[in-house]
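Given chain Y, work out where chains B, V and G should sit, using these hints.
4 protein chains.
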Amino acid sequence: MYIHETQIRVRYGETDKMGYLYYGNYAHYYEVARVEAIRNLGTSYKEMEETGIMLPVLELKSKFVKPAFYDELLTIKTYIPQMPTTRILFDYEITNPKEELINIGSTVLVFYDINKRKPMHAPDYVLESLQKYF
Amino acid sequence: MYIHETQIRVRYGETDKMGYLYYGNYAHYYEVARVEAIRNLGTSYKEMEETGIMLPVLELKSKFVKPAFYDELLTIKTYIPQMPTTRILFDYEITNPKEELINIGSTVLVFYDINKRKPMHAPDYVLESLQKYF
Amino acid sequence: MYIHETQIRVRYGETDKMGYLYYGNYAHYYEVARVEAIRNLGTSYKEMEETGIMLPVLELKSKFVKPAFYDELLTIKTYIPQMPTTRILFDYEITNPKEELINIGSTVLVFYDINKRKPMHAPDYVLESLQKYF
Amino acid sequence: MYIHETQIRVRYGETDKMGYLYYGNYAHYYEVARVEAIRNLGTSYKEMEETGIMLPVLELKSKFVKPAFYDELLTIKTYIPQMPTTRILFDYEITNPKEELINIGSTVLVFYDINKRKPMHAPDYVLESLQKYF
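Chains as they are written, first to last, in the working numbering: chain Y, 239 to 372; chain B, 239 to 372; chain V, 239 to 372; chain G, 239 to 372.
None of these hints come from the bench; they were simulated from the model.
Treat the hints loosely; a few may be bogus.
[What the hints assert, rightly or not] Computed list of lysine to aspartate or glutamate pairs in EDC-like fashion (alpha-carbon distance at most 20 Å, straight line):
1) 336/G / 285/Y
2) 284/B / 310/V
3) 315/B / 297/Y
[As the list claims (entries may be wrong)] Residues from chain G that face chain B, not an exhaustive set, calculated with beta carbons under 10 Å:
4) 250
5) 253
6) 255
7) 258
8) 260
9) 261
10) 307
11) 308
[Claimed, not checked] Pair ranges (Cβ atoms, derived):
12) 339/G / 247/Y: 22 to 28 Å
13) 292/G / 337/Y: 25 to 31 Å
14) 247/Y / 372/B: 42 to 48 Å
15) 336/V / 323/B: 33 to 39 Å
In this text, a Cβ means the ideal position worked out from N, Cα and C, and glycines have one as well.
This is chain Y alone, in the form it adopts within the complex (with noise of 0.2 Å):
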């Protein structure tokens, strides 16, 4: 299994009246996240964009155990359970800075062969940089 830290603090804007983190914000930390888990790597997501591979995410979950806060640095632990096929996995945990863990979740992405408009297989740099942690 890959793991991966990384750190976000939340924007003014990205609350709510409720005063939290507004829900739908999660996934853009998640994208963040998984982001910097792939630059980890060796690689970076915008590099598999520009030589014609694109992620889509095909599902998201989410749990919501306690509200992020305006101004907290939160701390979001990325996985990668699996060694990726045409579909790659990331599950996130999230915690606060009183390391609380406050949101669970998952995104199922697939590899999608931009020129050719249909899913690939994962590309075998990102296997190979994968394959020391499984």
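Frame of chain Y, contents of chains B, V and G only:
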């Protein structure tokens, strides 16, 4: 079961560089859809908050079947599949102008007493407004 | 001068912890307002992009007179104050349900030829659709 | 004059179908930049709110010189050009990784007493923290 339909047009700022409605923005659409579903029952979420009840989201699930594109007028069917308890469930089905199903979602929300700072049972006027659908 | 009116309801996720419509979200409202103003002229911004013309924003100005609140149905008056050249100006006035003026804004956009990658003059069909207002 | 620098990486969900950072999202970046500028002075906007002072935005101006793209690490220079009174001005200059100037912005905010519900003079600790820069 209670079913309600609402329409939302995809804004430019809600698309991403893939040209799709960004996956994080569906949560906003679900919110609009359930708020309009509640309004159609004769009450409003705004008034609910003003009487000391809020409805934070506990769970979010989404399946992205097909992309949504800029300027498309999407139709969101909102379902309340069972009588609320301390929790209320909403299911969503989104179709595009070609009447293709593009997204399936669900959210679980909890009735929360703002003053007592704890979960509470669905208020009577909510239950009464839903009675005839079950 | 061309004037057009459109309405937008404030979404929960667009408010911030102050309880106000977040100041960054007015730009989305201006976008919706000018897109609807263009649609009312018989063309659409989407089609414009499909024929190779895009309209990036060069300047944005906003005065926040009074706050907007959750669930308010705002009215946005959009003005095209002069015939477009390579640039097109839009002015905006937003009023709340009490008919109070809450925001004044303006944007300058440039007609941009996607293929030639340079600014261009406003296309004839845009000029023709505006002729009778000037 | 007080000057502070902060960096923000462009998120996928912040781009639009043009492939650019959406023009409405610069307001979020300005907010992050001024919050970090304030934090660097030894106080925090969060604490300010907790002591009953909020800082709603009165005016926003933005010039979009060049587009910003996905995954670019932008540098935002924030200026407080003069000692605050009841109002505080912030100017912003954003540069991309090629060190090209891509955006110039400014905001005017007002110190607002939450309990008295009216504008107030900048609190002493803010003025003191800025003294040495003027």
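> Going back to the hint list, which numbers does this structure go against?
Replying inline: none
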